[in-house]
Amino acid sequence: AQSVSQHNHHVILSEAASLELGCNYSYGGTVNLFWYVQYPGQHLQLLLKYFSGDPLVKGIKGFEAEFIKSKFSFNLRKPSVQWSDTAEYFCAVRLSGGYNKLIFGAGTRLAVHP
Amino acid sequence: KAGVTQTPRYLIKTRGQQVTLSCSPISGHRSVSWYQQTPGQGLQFLFEYFSETQRNKGNFPGRFSGRQFSNSRSEMNVSTLELGDSALYLCASSLADTSYGYTFGSGTRLTVV
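Protein chains in written order, with my numbering: chain A, 1 to 114; chain B, 1 to 113.
Since the hints were made in silico from the structure, they are not lab data.
Examples of chain A residues lying across from chain B (beta carbon under 7 Å, computed):
1. His43
2. Lys49
3. Tyr99
4. Asn100
5. Lys101
6. Ala106
Some chain B residues well away from chain A (every beta-carbon gap over 12 Å; in silico):
7. Pro8
8. Leu11
9. Thr14
10. Arg15
11. Val19
12. Thr20
13. Leu21
14. Ser27
15. Arg63
16. Ser65
17. Phe69
18. Arg73
19. Leu83
20. Val113
Just so it is clear, CB atoms sit at the ideal spot from N, CA and C, and this is done for glycine as well.
Starting from the given sequences, assemble the full structure and let the hints guide the process.
Set out below in C-alpha cells:
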C-alpha cells in the first residue's frame with residue numbers, strides 16, 4: 001500500500017538553527033506533494049506544494065522543499081528557524097488518478113527554543 | 001473570502017449514538033474531502049465528494065458515511081458510535097483544478113463517552 005514516512009517524530013532546535021524534515025513516499029507513479037503546518041490550536045495550513053516543474057519549491061514563511069524523484073523524497077527546509085515555527089508539520093502525497101485523496105505522514109513535532 | 005467552515009466545533013456523544021458533522025467549503029470549491037485525525041493513527045482519509053458524487057473512499061467501516069449537497073456543502077455521519085471514533089474530523093475543500101491545493105477547516109472535535 002502507498003505510504004508516506006516522516007522520519008523525525010520530534011525535533012528540538014534553538015532559534016536561528018537550520019531545519020530539515022525528511023519525507024519519503026512509496027509510490028512509483030506521478031505524485032503531487034504537499035507540506036502542511038499545524039500551529040497549536042489552529043487548523044492545517046498549506047506551506048508549499050509541488051505539482052510539476054522546478055523540483056525546488058519555495059513556500060510561505062521562508063520554507064522550501066526539494067523533490068528528488070529518484071529518492072522518492074520531498075524534504076522540507078528552512079535556513080533559520082524562529083520560535084514562532086513551533087508547530088507540527090505534515091507531509092502529504094496525492095497519487096495520480098487518486099482524485100483528491102491525500103495520504104499523510106505521521107507528522108513531525110517541532111519545538112523551537114528561544 | 002471565508003474559509004472552510006465546520007460545525008459544530010465540539011461534540012460529546014455517548015456510545016451507540018449517531019452524529020452528523022457539517023462542512024461548508026470555500027465559495028466556488030466543488031470538492032470536499034473528510035479526514036479523521038487521532039494521536040495514534042494520524043490523519044486518515046475518509047472520503048471525497050465532487051459535484052454531489054462520492055469519488056473516493058478510505059478504509060473505514062460502513063458506519064461512516066457522507067453526502068454532498070448541490071451548494072457543495074457536505075455532511076458526514078457516523079452511526080453506532082464507538083469510543084475509538086473520538087477524534088478531530090477535518091474537512092478540506094478544493095477547486096476542480098487541484099493545483100491550487102487544499103484548504104482545511106478547523107475541524108470538529110468529537111468525544112465519545
